[in-house]
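Chemist: Produce the complete structure using the sequences and hints provided.
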Amino acid sequence: MFKIFFTVIFSLSVLALTFISEDCYSQRMRGSGNSNRSSNRMNTNRNSNKISGKDFNSGSKKKRDFSGIDKKNQDISKNKGFDRNDKDVNRNDKDFNRGDKNFNNDRDININNNTNVYHGYNYSGYHPYSYHRYAPYHWGAYWHPVGFFMATMFTAAVLISISNQNYYYYEGVYYAPQGSGYVVVPAPVSASVVVLPAEYTLVVVDPTTYYYYGGTFYILKDGTYNVVAAPIGAVISDLPEGAEEVEIDGVKLLKYNDAFFQPVSQNGDDAYEVVQIKK
Amino acid sequence: MIMSNKFIKVIFISFILLAAYSINTSAQIDSAAIAILDNMSDVVTDLESCSFTLKTEYDMYNIDLGLVKHSDIAKVYLKAPDKLLVNRKGDKGNKNFYYDGKTFTYFSADNNQYADMPAPPTIMETIDSISSYYGVEFPAADIFYTDLVDSLLENSNIISLLGFTNIYDKECYHIAGRTQKITYQIWIANDGTFLPVKMAIVYTSKTGQPQYEAVFQEWSVNPVLEDSMFNFAAPPDAVKIKFLKK
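Chains B and G, in that order, are what the protein sequence lines are.
If you use the working numbering, the first sequence corresponds to residues 1 to 279, in order.
If you use the working numbering, the second sequence corresponds to residues 1 to 246, in order.
Any given hint could turn out to be false.
[Unchecked claim] Ranges of calculated distance between the beta carbons of each label pair, as one might list FRET restraints: (1) G:Leu67 - B:Asn267: 54 to 64 Å; (2) B:Gln165 - G:Tyr134: 32 to 42 Å; (3) B:Val194 - G:Val239: 10 to 20 Å; (4) G:Asn62 - B:Ser237: 51 to 61 Å; (5) B:Val158 - G:Ala238: 49 to 59 Å; (6) B:Asn164 - G:Gly90: 51 to 61 Å; (7) B:Val194 - G:Thr53: 49 to 59 Å.
The set of hints was computed from the structure by calculation and includes no laboratory data.
Keep in mind the model is a prediction, meaning the values are calculated, not measured.
C-beta atoms are modelled at their ideal positions from N, C-alpha and C, and glycine is treated no differently.
Modeler: Shown next, in the form of structure tokens:
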């Protein structure tokens, strides 16, 4: 009997030891879960102009697929009997407000609840309606959604004055003075700037070419980018935080900055088409 | 028959233990923390040049005294794709590291000794190479790897945004995580820059659970750095020594 007991205990001990094998004192977090801490996934692009070796043609900021994180979290949900997945993925601003003055408490993303139904309206789009979940896109470190509050303004921000209202522009984001700080506002139509962040995309609505960044459309004229209303028919791949889901003509559209976006599929990828609604 | 019952009990208890282990190792990943880490990683890996001061405290195990704290301060200059300079002063002496794109040089100002070796053509390859072959750790190298967040996600059971903390009067996101071998914390500036301000690692599987803590100060983003500052010129009477493989 003891022989069997010790055999089982020994087996468990061997199993446990495989999980706690030593790693050298590397002063590193990366790869700390296994013994291989060399950079087998390191980007070694030798033509890069980045310290990290990141490919300078890699385009916009990382667009993380949170479904993988959901999958990881599912284990704990099952085991502990609570589900924090949806709350986490859609928490964005709400949970950033842990006593922080820099975030706006009053503005949560409106997803899947309190959908506004526009009765008596209809619309038409060029692409067929193809519903997909609204996944707000974050353009990078300097991009902030409408409603974001900052106590101080970037020193390199550009002052823009439109209709006696001052705005500050920095890296594709527009700020308006509010109280003791500045709050991100929708880009004021007719504002013009001379530089856009490198992550802008081109959107062609024949015959016009638009520049799109952070939920704002621009037209390039005489070397300046002029803010315009979202052009009907434009198809974009990303919408920022702050869009509101609305129901029109029996389908779910997204409303952002007074424009309506129909979920569509373009070349197999989720996209949005700007549509016009009519009564 | 009695032995058979006991055997079944032992097996049952074993399964309970394994089940408890699997529950303990399930992941709790906070997507808000990941979004902030992604922002930091995007900012840092997009840098074309930078400089910062890194104040480091770390524990070394002493058989008589247990954990003994050490500290050093390093001024770090980086310029893509192939320039690096570290001036490091601390308990372990004054050490300088030069990398000019072709050669990596270690210089001990205390002993007026230097060692050099041919180096790979990029900063990150060089950092990895000298760490792997010679055990020389570049200060806070983690943050410059493009796969930092992916690696943390892969290896962590828990990653959580704890809230906001002031580090040297700078408001920071406070993020903490745990892998099988370490717990770690990262403080990231909440000023629109998303630059790292502080990091701490506790080696939970090592004797005494030693800690490593580093504070980033005086960040300069994309400064103009002359190539000449990364070239090493041996001082008079400096003695050339050899790198010892670890």
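Chemist: With 51 to 61 Å as the target window, see if asparagine 164 of chain B and glycine 90 of chain G comply at their CB atoms.
Modeler: 57 Å, holds
Chemist: For asparagine 62 of chain G and serine 237 of chain B, compare the CB-CB distance with the range 51 to 61 Å and indicate the outcome.
Modeler: 57 Å, holds
Chemist: Just to be sure I understand the hint, the distance between the Cβ atoms of valine 194 of chain B and threonine 53 of chain G should be within 49 to 59 Å; is that true here?
Modeler: 35 Å, violated
Chemist: Could you tell me whether the CB distance from valine 194 of chain B to valine 239 of chain G stays inside 10 to 20 Å?
Modeler: 56 Å, violated
Chemist: Taking the Cβ atom of glutamine 165 of chain B and the Cβ atom of tyrosine 134 of chain G, is their distance within the range 32 to 42 Å?
Modeler: For tyrosine 134 of chain G against glutamine 165 of chain B, whose Cβ atoms are near 60 Å apart, the range 32 to 42 Å is violated.
Chemist: For the pair leucine 67 of chain G and asparagine 267 of chain B, does the Cβ-Cβ distance stay inside 54 to 64 Å?
Modeler: 57 Å, holds
Chemist: Can the suggested window of 49 to 59 Å be confirmed for the beta-carbon pair valine 158 of chain B and alanine 238 of chain G?
Modeler: Taking Cβ atoms as reference, valine 158 of chain B and alanine 238 of chain G lie about 51 Å apart, which means the hint holds.
Comparing the model with each numbered hint stated earlier shows that hints 2, 3 and 7 do not hold.
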